[in-house]
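Protein chains: 2
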Amino acid sequence: MEKIKITFYPQDITVSVEKGTPLLEAVSRANITISNLCGGDGICGRCKLIVKEGDVTGEISVKLTREEVKKGFVLACMTKAVGDLVVEIPEETLAKEKRKADRDTERFRSFEEIAYKKEYEPSPLIKKIYVELDKPTIANNTADHERLSETICKKLNVGSMQMGLKIIKTLPDILRKNDFRVTATVGLRRDVAEIMNVEGGNTEDRNFMVIIDIGTTTIVAHLVDANAIKTLDAMACFNSQGIHGREVTRRMISAEKKGNEELQKLLIQDINYLITSLADSNGVGLKDITAVICAGNTAMGHFLLGLPTENIRRYPYVAATVDPPPLRAAEVGIEINPRGLLYSLPGISGWVGSDITAGILSTEIHEMDQLSLLLDIGTNGEVIVGNKDWIVACSASAGPALEGASIECGMRAEEGAIESVFIDKGEICYKTIGKTPPKGICGSGIIDLVSVLLEKKIINRSGSFIENTYDRIITEKGVKRYLLDDPVRGQKNNIIFISELDIENVVVAKAAIFSAMKILLKRLDLDFQSIDMFYIAGAFGNYLNIDSAIAIGLIPDLPREKYRFVGNTSIKGAKLTAFYDEAFNKIVQLRQAITYYDLMGAQDYVEEFQKAIFLPHTDIELFQASS
Amino acid sequence: MEKIKITFYPQDITVSVEKGTPLLEAVSRANITISNLCGGDGICGRCKLIVKEGDVTGEISVKLTREEVKKGFVLACMTKAVGDLVVEIPEETLAKEKRKADRDTERFRSFEEIAYKKEYEPSPLIKKIYVELDKPTIANNTADHERLSETICKKLNVGSMQMGLKIIKTLPDILRKNDFRVTATVGLRRDVAEIMNVEGGNTEDRNFMVIIDIGTTTIVAHLVDANAIKTLDAMACFNSQGIHGREVTRRMISAEKKGNEELQKLLIQDINYLITSLADSNGVGLKDITAVICAGNTAMGHFLLGLPTENIRRYPYVAATVDPPPLRAAEVGIEINPRGLLYSLPGISGWVGSDITAGILSTEIHEMDQLSLLLDIGTNGEVIVGNKDWIVACSASAGPALEGASIECGMRAEEGAIESVFIDKGEICYKTIGKTPPKGICGSGIIDLVSVLLEKKIINRSGSFIENTYDRIITEKGVKRYLLDDPVRGQKNNIIFISELDIENVVVAKAAIFSAMKILLKRLDLDFQSIDMFYIAGAFGNYLNIDSAIAIGLIPDLPREKYRFVGNTSIKGAKLTAFYDEAFNKIVQLRQAITYYDLMGAQDYVEEFQKAIFLPHTDIELFQASS
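Chains as they are written, first to last, in the numbering used here: chain A, 1 to 627; chain B, 1 to 627.
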């Protein structure tokens, strides 16, 4: 073969390669590491190079702008050298050291408890199936496509099987190169099974999925091994869309003004960041990730898919869809196997999303005789009440305070977060996750802290500091702060505090949530006493002090055995659908079974909210424990 | 709005338009007609312009090469003007007068007889369904996607309905702009119904499909109105792949050497040419064509989809697929509605294609007690024998002589073709289609002519001219020709003849076909006498003289009432699947019910072929009529 020379700048490295060598390969020969997330499929568009001199050939990519093409930009993975070249590697193309992933240690603790559901038969949503096909003979010369799909149909006991043209095109070659022993990746798209991918040999043990809870404030991702029915790791990050508003409504307004492309892009970036971090840390190739399963509120689901949100925001609050079809993950820019699927779990309405259906699935409210209430505390507080016969839902806009956001020293429940605050020998004490020095306060710590400040009468029932009661109150820029450590004896550089504004955010959040529960029960002619089981879900790590939550008026004062803190039920439920076909079918049915009540505009809700913006409430009888 | 100026060259026309105007619109304002087949969806890539000066914006198109982008080429439909522009319109972009379409008059005659099958309930493969949805209220704020798909499911009585992300994205807007009155286009992809498209208002009466028989030599296309269950028009052209070999095998060899892209491209060009010609002539917009349904031999089906054919050609003759999935027609470059579907009907094996399953469906062999033989005469001759209990098939490589190709004066059965030759008062006479002066001879005329030459002893049983028997035999370049008209008295400028080589091609074709029938029956322990009904299908227009076919030894001498000439059963069967769901389901079942016999390598087939290359045969007893 003819040899050609390629010189890379600014490194000034020249390699000699065969004519027709893909640039991605040439770069690698030069020992230059460039960004390439999709493994050379032209999907991610990261491997941009600038051809300064010489001739190249290859498909033009939609990942390049017109201006870039004019300037000589190419994708390294889609372009081959046909003559001597001088190539510039742009700064942003060089692989950077990865941003350190935030391992979601707290959530990680309770993995295995989540993953195993004895009552279901393990059967992952995406199946990898190894087959040794009969080789064709003149007596049995069934076509390749039918040979494979009929075998898989028989194995899975299904009637039909879809397969895309791209797979069929490569199938004759894959089958013959691998002696008719291949592994088919089979996904479900609604009622239809589809052979998404075919690989040579037996790759059944490489079937990974990422389960994602897309919160308004926090995005949590779990990497699971669908073959072993096991969680491998979990990570989380704040939702970068926060720059366009803390609350869902602000982001929808931004999308209406400026289009939703930017919001979608930010979300996809966060998701790709979590997926690649999880994959890297666990030695899993992106190509072996066959699916991403997402739960979240309906607006987040819309941003994920680039759907218009304007009708969710406006009366009568109509979503574009609450049950989106499974898609190729690549269609929205999620970087897993190029043919991997993105499942958006079904939600209920514009204001009650798939995080809630997943929550119901996880807590099994829908299978119980007893009456349950599920409160999911996030940026929106969602309330579900029901049993096996009926389920109703409503939603309240709470703001992100209880997730540790919109609080000056707030942080997510990860290492260094103050997760509990308590009184010991008359002193206010705290405990951090990982027992390290404090970096901030997470949601459970904030609820504890407000409760303790109220108990110690450092704040009054309106949430204001009572003047001169304590030496740790300081004023900064006109706002009062309570310092958790003595400024002299305590941590010098990282003094954690809560301000009066922070407390106001907490009070508004708890009032919105409490009022939603109260009015929903009123609509049903029920009261809190009727509830047999009270589930509390949310991004608090493993810890939420029920007494503190009652003390601040977030939840009513019921017998403690009725309460159960269930953590992130959105992830738990979504994970069930990843591992068990039965669970997936159930969540699809759930959507139809739930009635949504819109309370936000209701007069009695507004009145109840006004009564609830005190600590714990104007009607103190409801909260015996704190009186 | 800000106004900008656009000057078009070489016309030197300047128009003033609003900033942001698409170039396609600006061109139209300048009253310049450019080529644009897809209606502005960036699908066809015809509307190329060169921006010489000024700024434009818009997506880059994969329809442009890198070199073109560098030179300033843009697609008019995908590009908007953002400043004053100077734009060149390349010669090839200007709309040309359309190549005259060959209207397939002969096939057209028998349309309506084909279209109506009383035993089926009309139910087109693609359905357009107009709905007036309930408008959302707070009590019924079902999401748009679920609102539409649940209504359509109910109307069609199906359990679920797929819808692509692109449709869901635009749905909120379409619904609200049209007061929730829309028409959904619903297609079937295997067992799954899919909403392919949503249009405002009631467009139920605009549901057109094109049915295509892809022959090795001839491509026939019928335009049908699926709403009215009616054929509107038909056209045909020779398959442009002919330049890569007359026979399927030659084309497969070419594809193995040079890749199959070129063969696919030629086929798609022919198909697009027929579709646009039919659409233009009948005032049907390409956007209103919702599906293309193709039948043809398996190799043609592979070329259509760009599938590798190498294993069809080699023992044990395995196709990549004989039952390809329905695809977006745009995925292979067919220009109809951008979301319209391409259905490739299911065939049986590498050498018995969907033209044969369609033929069986059309003749209903599979539903009869009596034993039928279906002979489909094309470039390959396919033979089907069976009844309601069993069906077997085989295939013989005949060459294109009986279709009027590979014959010097050969032509398709269209106006001006000699379609019959007969002896009147001792003279050899002929009749042309449309009773016009002769332009050539089509298949039925060729069979008649050879039979007549034999009867008049102008040729011997080997197909050679008997020397000096007739004054109309002339020798040109060493090859003898028989002139159909007296060179002095007849047509001066267009003398039609048949050469000794032409006759040889006919003899080889008929020998291959006859031998296949004989050996297939032998394998089944049957003979010609066992056949109750003998169907002859093929591209002969409406006319085939059974006596002539017997006389040359193409078919055996059976009682005439057993014969039925059924024309192009590939088109007829395919059209049934377009109009009747039941027919579509039946053809899918048929594939499984048919057993394929490979005869081509068999010793007894070769021996039989040797005996059959005489007129009519060495065993003259088989052909009483001609003896």
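Since the hints were derived computationally from the structure, they do not count as laboratory data. From a predicted model like this one, the values you see are computed outputs, not experimental measurements. Just so you know, not all the hints are guaranteed correct.
It does not matter which identical chain is meant; a pair holds if it fits inside one copy or across any two.
Stated by the list, open to error - Straight-line alpha carbon distances no greater than 20 Å define the calculated EDC-like cross-link-like pairs of lysine to aspartate or glutamate that follow:
id, residue 1, residue 2
1, K135, E199
2, K522, E621
3, K155, E331
4, K19, E500
5, K257, D173
6, K435, E331
7, K70, E88
8, K265, E59
9, K71, D55
10, K388, E150
11, K70, D55
12, K154, E408
13, K439, E247
14, K166, E262
15, K457, D471
16, K522, E331
Status of each hint after checking the structure:
Taking the closest pair of Cα atoms, K135 and E199 come within 20 Å of each other only inside a single copy of the chain (17 Å); across copies the shortest separation is 48 Å, beyond that limit. In this homomeric assembly, K522 and E621 come within 20 Å of each other (Cα to Cα) only inside a single copy, at 17 Å, whereas the closest approach across copies is 98 Å. In this assembly of identical chains, K155 and E331 lie within 20 Å of each other by CA distance neither inside one copy nor across copies; the values are 30 Å within and 31 Å between. With identical chains, the CA atoms of K19 and E500 are never at most 20 Å apart, being 69 Å at best within one copy and 52 Å at best between copies.
Within a single copy, K257 and D173 get their C-alpha atoms only as close as 50 Å, which misses the 20 Å cut-off; across copies the closest is 16 Å, which meets it. Neither within a single protomer nor between protomers do K435 and E331 lie at most 20 Å apart by alpha-carbon distance, with minima of 43 Å and 58 Å respectively. Taking the shortest alpha-carbon separations for K70 and E88, both the intra-copy value of 15 Å and the inter-copy value of 18 Å come in at or below 20 Å. When the C-alpha separation of K265 and E59 is checked against a cutoff of 20 Å, the pair qualifies only between copies, where the shortest distance is 17 Å, while the shortest distance within a copy is 25 Å.
Taking CA atoms no more than 20 Å apart as the test, K71 paired with D55 passes in both settings, with 14 Å inside one copy and 16 Å between copies. Taking CA atoms no more than 20 Å apart as the test, K388 paired with E150 passes in neither setting, with 39 Å inside one copy and 24 Å between copies. Taking CA atoms no more than 20 Å apart as the test, K70 paired with D55 passes in both settings, with 14 Å inside one copy and 13 Å between copies. Taking the shortest Cα distances, K154 and E408 never come within 20 Å of each other, neither inside one copy (59 Å) nor across copies (53 Å).
Proximity of K439 and E247 under a CA criterion of 20 Å is satisfied in neither setting, with 24 Å inside one chain copy and 77 Å between copies. Taking CA atoms no more than 20 Å apart as the test, K166 paired with E262 passes between copies only; the shortest distance there is 18 Å, against 31 Å inside one copy. Only within a single protomer do K457 and D471 lie at most 20 Å apart by alpha-carbon distance; the minimum there is 13 Å, versus 128 Å between protomers. Taking the shortest alpha-carbon separations for K522 and E331, neither the intra-copy value of 44 Å nor the inter-copy value of 56 Å comes in at or below 20 Å.
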